[in-house]
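Q: Each chain, letter by letter, is given below.
Number of protein chains: 2
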Amino acid sequence: MANTAITVARGDGIGPEIMDATLGILEGAGARLDIEEIEIGEKVYLAGNPAGVAPEAFDSLRRTKVFLKAPITTPQGGGYKSLNVTVRKTFGLYANVRPCVSYHPFVETKHPVMDVVIVRENEEDVYGGIEYRQTAQVTQCLKLISRPGTEKIVRYAFEYARANSRKKVTCFTKDNIMKITDGLFHKIFDEIAPEYPDIENEHWIVDIGSAKLADAPENFDVLVLPNLYGDVLSDVAAQIAGSVGLAGSANIGEHIAMFEAIHGSAPRRAGQNLANPSGLFLGAVMMLVHIGQTDVAERAHNAWLRTMEDGIHTYDIFKEGVSKEKVGTREFAEAVVARMGQRPETLKAVTYKSGEADASGASGGASPEGRASGAGAASKKETVGVDVYLDWAGGSADELGSKVSGLSGDGLKLTSIANRGVKVYPEGATETFCSDHWRCRFVAESGREVGHKQIAALLSRFAEDGLDFIKTENLCDFDGKPGYSHAQE
Amino acid sequence: MANTAITVARGDGIGPEIMDATLGILEGAGARLDIEEIEIGEKVYLAGNPAGVAPEAFDSLRRTKVFLKAPITTPQGGGYKSLNVTVRKTFGLYANVRPCVSYHPFVETKHPVMDVVIVRENEEDVYGGIEYRQTAQVTQCLKLISRPGTEKIVRYAFEYARANSRKKVTCFTKDNIMKITDGLFHKIFDEIAPEYPDIENEHWIVDIGSAKLADAPENFDVLVLPNLYGDVLSDVAAQIAGSVGLAGSANIGEHIAMFEAIHGSAPRRAGQNLANPSGLFLGAVMMLVHIGQTDVAERAHNAWLRTMEDGIHTYDIFKEGVSKEKVGTREFAEAVVARMGQRPETLKAVTYKSGEADASGASGGASPEGRASGAGAASKKETVGVDVYLDWAGGSADELGSKVSGLSGDGLKLTSIANRGVKVYPEGATETFCSDHWRCRFVAESGREVGHKQIAALLSRFAEDGLDFIKTENLCDFDGKPGYSHAQE
Numbered sequence: 001m002a003n004t005a006i007t008v009a010r011g012d013g014i015g016p017e018i019m020d021a022t023l024g025i026l027e028g029a030g031a032r033l034d035i036e037e038i039e040i041g042e043k044v045y046l047a048g049n050p051a052g053v054a055p056e057a058f059d060s061l062r063r064t065k066v067f068l069k070a071p072i073t074t075p076q077g078g079g080y081k082s083l084n085v086t087v088r089k090t091f092g093l094y095a096n097v098r099p100c101v102s103y104h105p106f107v108e109t110k111h112p113v114m115d116v117v118i119v120r121e122n123e124e125d126v127y128g129g130i131e132y133r134q135t136a137q138v139t140q141c142l143k144l145i146s147r148p149g150t151e152k153i154v155r156y157a158f159e160y161a162r163a164n165s166r167k168k169v170t171c172f173t174k175d176n177i178m179k180i181t182d183g184l185f186h187k188i189f190d191e192i193a194p195e196y197p198d199i200e201n202e203h204w205i206v207d208i209g210s211a212k213l214a215d216a217p218e219n220f221d222v223l224v225l226p227n228l229y230g231d232v233l234s235d236v237a238a239q240i241a242g243s244v245g246l247a248g249s250a251n252i253g254e255h256i257a258m259f260e261a262i263h264g265s266a267p268r269r270a271g272q273n274l275a276n277p278s279g280l281f282l283g284a285v286m287m288l289v290h291i292g293q294t295d296v297a298e299r300a301h302n303a304w305l306r307t308m309e310d311g312i313h314t315y316d317i318f319k320e321g322v323s324k325e326k327v328g329t330r331e332f333a334e335a336v337v338a339r340m341g342q343r344p345e346t347l348k349a350v351t352y353k354s355g356e357a358d359a360s361g362a363s364g365g366a367s368p369e370g371r372a373s374g375a376g377a378a379s380k381k382e383t384v385g386v387d388v389y390l391d392w393a394g395g396s397a398d399e400l401g402s403k404v405s406g407l408s409g410d411g412l413k414l415t416s417i418a419n420r421g422v423k424v425y426p427e428g429a430t431e432t433f434c435s436d437h438w439r440c441r442f443v444a445e446s447g448r449e450v451g452h453k454q455i456a457a458l459l460s461r462f463a464e465d466g467l468d469f470i471k472t473e474n475l476c477d478f479d480g481k482p483g484y485s486h487a488q489e
Numbered sequence: 001m002a003n004t005a006i007t008v009a010r011g012d013g014i015g016p017e018i019m020d021a022t023l024g025i026l027e028g029a030g031a032r033l034d035i036e037e038i039e040i041g042e043k044v045y046l047a048g049n050p051a052g053v054a055p056e057a058f059d060s061l062r063r064t065k066v067f068l069k070a071p072i073t074t075p076q077g078g079g080y081k082s083l084n085v086t087v088r089k090t091f092g093l094y095a096n097v098r099p100c101v102s103y104h105p106f107v108e109t110k111h112p113v114m115d116v117v118i119v120r121e122n123e124e125d126v127y128g129g130i131e132y133r134q135t136a137q138v139t140q141c142l143k144l145i146s147r148p149g150t151e152k153i154v155r156y157a158f159e160y161a162r163a164n165s166r167k168k169v170t171c172f173t174k175d176n177i178m179k180i181t182d183g184l185f186h187k188i189f190d191e192i193a194p195e196y197p198d199i200e201n202e203h204w205i206v207d208i209g210s211a212k213l214a215d216a217p218e219n220f221d222v223l224v225l226p227n228l229y230g231d232v233l234s235d236v237a238a239q240i241a242g243s244v245g246l247a248g249s250a251n252i253g254e255h256i257a258m259f260e261a262i263h264g265s266a267p268r269r270a271g272q273n274l275a276n277p278s279g280l281f282l283g284a285v286m287m288l289v290h291i292g293q294t295d296v297a298e299r300a301h302n303a304w305l306r307t308m309e310d311g312i313h314t315y316d317i318f319k320e321g322v323s324k325e326k327v328g329t330r331e332f333a334e335a336v337v338a339r340m341g342q343r344p345e346t347l348k349a350v351t352y353k354s355g356e357a358d359a360s361g362a363s364g365g366a367s368p369e370g371r372a373s374g375a376g377a378a379s380k381k382e383t384v385g386v387d388v389y390l391d392w393a394g395g396s397a398d399e400l401g402s403k404v405s406g407l408s409g410d411g412l413k414l415t416s417i418a419n420r421g422v423k424v425y426p427e428g429a430t431e432t433f434c435s436d437h438w439r440c441r442f443v444a445e446s447g448r449e450v451g452h453k454q455i456a457a458l459l460s461r462f463a464e465d466g467l468d469f470i471k472t473e474n475l476c477d478f479d480g481k482p483g484y485s486h487a488q489e
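These protein sequence lines are chains X and A, in that order. Counting in our numbering, the first sequence runs from 1 upward without gaps. Counting in our numbering, the second sequence runs from 1 upward without gaps.
Don't take every hint at face value.
[Unchecked claim] Covered stretches of chain A (in silico footprint by chain X; criterion: 3 or more residues with CB under 8 Å from a CB of chain X, positions within the stretch not fixed): (1) 118-130; (2) 203-216.
[Claimed, not checked] Label pairs and their in silico Cβ distance ranges: (3) A/Ser-396 / X/Pro-197: 33 to 43 Å; (4) X/Glu-449 / A/Ser-408: 42 to 52 Å; (5) X/Pro-105 / A/Arg-343: 35 to 45 Å; (6) A/Pro-482 / X/Glu-325: 31 to 41 Å; (7) A/Glu-445 / X/Gly-79: 21 to 31 Å; (8) X/Ile-35 / A/Glu-445: 47 to 57 Å; (9) A/Asn-219 / X/Ser-379: 48 to 58 Å.
[To be verified] Below 25 Å or equal to it, Euclidean Cα-Cα: the simulated SDA-like pairs (lysine to any residue) are: (10) A/Lys-453 / X/Gly-394; (11) X/Lys-413 / X/Glu-449; (12) X/Lys-353 / X/Tyr-80; (13) X/Lys-403 / A/Lys-381; (14) X/Lys-453 / A/Gln-454; (15) A/Lys-81 / X/Ser-485; (16) A/Lys-212 / A/Asp-175; (17) A/Lys-187 / A/Ser-379; (18) A/Lys-65 / X/Thr-430.
By construction, these hints were calculated from the structure, which means they are not laboratory data. Ideal Cβ positions, reconstructed from N, Cα and C, are used throughout, including at glycine.
Work out the full structure, taking the sequences as your base and the hints as a guide.
A: Encoded structure:
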């Protein structure tokens with residue numbers, strides 16, 4: 001079988017030695033790889049590349065489409081951008097995949113039965129970092145959830161589950177509160193799940209679901225989560241599994257995929273043959289599955305599991321009475337290589353399906369056509385009103401109400417004013433605290449459609465009155481149903 | 001000492017019997033209360049009150065300002081509003097306080113040493129439920145964080161810590177990503193913490209902090225959290241403490257405070273003298289501290305702890321070998337009353353400071369003056385540009401760029417276009433997936449201030465070109481510093 005080209009970066013700190021160990025194990029397992037090496041990290045930052053990666057290095061990534069990356073050190077001081085964010089944003093790495101596994105009784109954990117994979121949406125939610133401060137008192141961040149973004153991640157989770165012989169995919173959202181954004185995520189989960197009748201599916205509200213996950217992770221298998229919940233819960237899951245130092249992760253895009261350890265470069269441990277290469281190695285196993293070398297992945301992963309249960313442990317997990325031999329980075333890798341062909345006896349052996357795993361894992365299952373069809377799910381849109389937000393500290397809600405009522409006209413009329421999501425005019429409760437951030441809702445008189453010229457003209461009237469409008473949000477119906485929330489009364 | 005008037009609602013399901021038991025214990029402890037009873041819940045919903053509480057009942061709350069509430073049942077079917085949300089929004093209950101305590105070895109838990117209090121901001125963040133769908137593909141929720149809202153909750157957390165003899169307050173945010181919103185929360189935490197030199201303070205990024213909390217809660221004391229993180233982590237903490245059925249909570253406002261159990265009305269257990277009244281009882285203990293009856297609170301709470309460790313348990317926590325006697329709701333309450341004056345021997349006894357606890361706990365420490373000063377922290381604001389968001393599916397970023405560039409003029413010029421927070425024009429990466437939700441950033445030519453008439457005129461030009469602008473966000477500098485984020489490149 002032909003070799004697969006991959007791009008490798010040895011990184012900083014303990015990076016080079018754990019990469020050597022990892023590549024040594026892959027070689028011992030018979031991996032068919034052509035390695036292109038690129039430089040990333042501290043030296044590259046200090047040479048004047050603000051993202052820690054030279055533009056030429058991107059050419060290698062574009063060519064091989066597979067990136068095995070050791071941890072890096074970002075120099076102290078400002079002005080340096082996150083390398084991972086740059087790669088993720090540039091190449092649209094929409095899925096972060098993180099297996100969180102307990103290795104009881106060989107590694108200490110309060111949760112002996114745990115084998116969870118968190119599939120985290122990686123591009124949307126509040127992580128666009130789209131923020132505004134627009135009044136003295138109030139700051140705002142936009143949370144965006146899109147149909148194509150959600151379709152990609154949900155489909156990827158089910159394809160991953162199938163390729164990795166998993167039984168169940170669980171979704172968490174807060175759609176009892178965020179009916180439109182989290183509601184969309186949940187709805188798409190419910191749309192796609194039936195296409196995978198071989199895989200069980202369930203949904204929990206994120207607060208209750210998180211409590212269950214933290215207390216009884218043995219009840220979960222694959223989880224698919226919006227970005228923020230995924231960020232928090234993938235750290236929680238890795239931590240309670242007791243295996244942060246042993247965990248790898250994958251970042252999957254339509255064009256390129258990146259594999260790494262979840263830990264950092266640990267400069268103080270560097271060059272001492274101390275570091276545990278397991279996190280990067282388990283990232284590399286995900287890479288092997290991704291590129292279709294499932295036979296190699298299975299052999300290497302099972303040899304590693306056997307090494308763990310034989311008690312051959314690096315210092316970080318060595319425990320008197322449990323471990324048998326304390327070894328260095330190199331010796332650990334040699335011990336894994338020596339066990340090629342062996343399988344664990346106490347821990348569960350892994351099995352990777354050949355063939356299918358590749359395509360589905362690699363593409364994420366969301367073809368461009370798939371996305372187009374998602375987009376096509378829309379529907380007739382009508383603009384039926386506009387929310388105009390004001391920076392105003394001039395008095396009470398009623399005073400603002402009578403002032404702004406006067407701006408109705410030209411087919412638009414003021415229906416309500418809200419403050420931080422609570423209706424305060426007309427007929428607000430006197431106890432409601434009001435910030436300087438007010439939302440004035442205008443809708444079409446007699447329910448007709450609103451034109452963009454009417455909205456621009458309304459804003460002109462606000463401007464003439466000297467009112468500081470700070471933002472607007474159109475109110476749209478989709479297929480006759482309102483695409484906006486109402487203020488809480 | 002004079003009695004304190006409180007409002008009591010007996011609720012639905014197990015509500016009446018656990019309220020009887022709770023009031024019985026309070027009476028046995030010598031609580032000085034005048035009880036006004038109101039009706040809430042199922043019957044009130046079905047009588048046509050959409051929030052499950054009659055308007056007259058609010059008068060009692062406004063009078064007593066203290067509400068001890070049993071769980072209720074919300075009828076099946078749509079159109080019913082959450083009673084808790086209504087009370088919280090109407091009266092501005094800005095703080096949710098939830099102690100999460102392990103009662104090892106008397107109640108099973110993986111975390112034997114745990115005594116954490118979560119103080120959750122209760123009004124802001126994504127819980128305003130301010131949402132918009134504005135394109136075929138993209139939905140949006142606004143996350144709002146305000147200075148006065150954050151000052152109130154942070155100050156409350158420190159005052160609570162002081163009144164309850166706590167040693168440390170910890171804050172979690174994600175301000176490495178959300179520099180403006182979560183950044184404000186963190187900044188205000190750092191501003192207020194030094195006013196409490198007797199109390200330790202620390203901040204963690206929410207992902208790492210959550211992992212620590214879920215794995216080693218013994219390292220935390222009081223936590224103060226923005227709404228969403230608080231929602232998720234208060235459920236996680238209650239669950240891992242093993243005491244969801246035993247937990248009470250307080251919702252604190254400037255005018256009114258509400259105390260309850262965190263569990264529901266469990267209709268299937270109703271009327272059988274089975275239910276554990278401890279959650280509501282521990283909510284009532286918080287109420288006693290709130291109204292300054294700290295002597296009664298301490299006596300009742302210690303008698304309850306003694307009952308727990310004497311193994312007098314209701315069915316829900318009864319465990320062969322640990323428990324001594326399985327009792328019903330009434331008998332449990334009697335057992336607590338019989339132990340008045342006794343203190344626990346294995347579990348830690350509680351101590352409530354007299355006097356101070358009241359004022360600080362009750363007012364939350366954030367006086368109207370305090371809030372005004374917060375508002376005063378602003379600063380010179382200048383509008384320097386505007387982001388115009390478009391619903392557009394007409395082609396590539398470059399095509400949109402040349403189209404929209406033509407709308408520059410009148411002192412405003414297009415500087416960039418972004419899609420889901422990533423810059424795509426000029427000079428975007430070809431791999432970046434673009435949704436139909438585009439942000440066009442216009443800034444003043446030669447860095448002058450932008451007038452609202454210019455913004456309205458710009459929108460008129462968009463309208464004339466037939467472009468569907470769906471939202472705008474002004475770009476403002478505060479004291480010369482940008483109050484908005486830049487697109488990720």
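Q: A separate judgement is required for each hint: does it hold in the structure or not?
A: Hint-by-hint comparison with the structure:
1. With 7 residues carrying a beta carbon less than 8 Å from a beta carbon of chain X, the segment 118-130 of chain A meets the three-residue requirement, and the given coverage holds.
2. Here the segment 203-216 of chain A counts 8 residues with a CB under 8 Å from a CB of chain X, which clears the bar of 3, and the coverage holds.
3. Checked against the hint of 33 to 43 Å, the pair A/Ser-396 and X/Pro-197 passes, with Cβ atoms roughly 39 Å apart.
4. Checking the proposed 42 to 52 Å range against X/Glu-449 and A/Ser-408 shows it is violated: the Cβ atoms sit about 29 Å from each other.
5. Between X/Pro-105 and A/Arg-343 the beta carbons are some 40 Å apart, a value that agrees with the proposed interval 35 to 45 Å.
6. A C-beta distance of roughly 57 Å is found between A/Pro-482 and X/Glu-325, which places it outside the suggested range of 31 to 41 Å.
7. The hinted range of 21 to 31 Å is satisfied by A/Glu-445 and X/Gly-79, whose Cβ atoms lie roughly 27 Å apart.
8. The given range of 47 to 57 Å is respected by X/Ile-35 and A/Glu-445, whose C-beta atoms sit roughly 51 Å from each other.
9. One distance hint, 48 to 58 Å for the beta-carbon pair A/Asn-219 and X/Ser-379, holds here, with the actual separation near 50 Å.
10. Straight-line distance between C-alpha atoms of A/Lys-453 and X/Gly-394 comes to about 21 Å, which keeps the hinted pair within the 25 Å bound.
11. Taking the CA atoms of X/Lys-413 and X/Glu-449, the gap is about 13 Å. The hint holds against a cut of 25 Å.
12. A C-alpha spacing of about 41 Å is found between X/Lys-353 and X/Tyr-80, which places the hinted pair above 25 Å, so the restraint is violated.
13. Of the pairs offered as hints, the one joining X/Lys-403 and A/Lys-381 holds, with about 23 Å between alpha carbons and a cut-off of 25 Å not exceeded.
14. Among the hinted pairs, X/Lys-453 with A/Gln-454 is consistent with the structure: their alpha-carbon atoms are about 15 Å apart, no more than 25 Å.
15. Of the pairs offered as hints, the one joining A/Lys-81 and X/Ser-485 holds, with about 14 Å between alpha carbons and a cut-off of 25 Å not exceeded.
16. As the CA atoms of A/Lys-212 and A/Asp-175 are separated by approximately 18 Å, the hinted pair is consistent with the 25 Å bound.
17. A hinted pair counts as satisfied when its Cα atoms are at most 25 Å apart, and A/Lys-187 with A/Ser-379 qualifies at roughly 16 Å.
18. Note on A/Lys-65 and X/Thr-430: the hinted pairing holds, with a Cα-Cα distance of about 15 Å set against a maximum of 25 Å.
Comparing the model with each numbered hint stated earlier shows that hints 4, 6, 12 do not hold.
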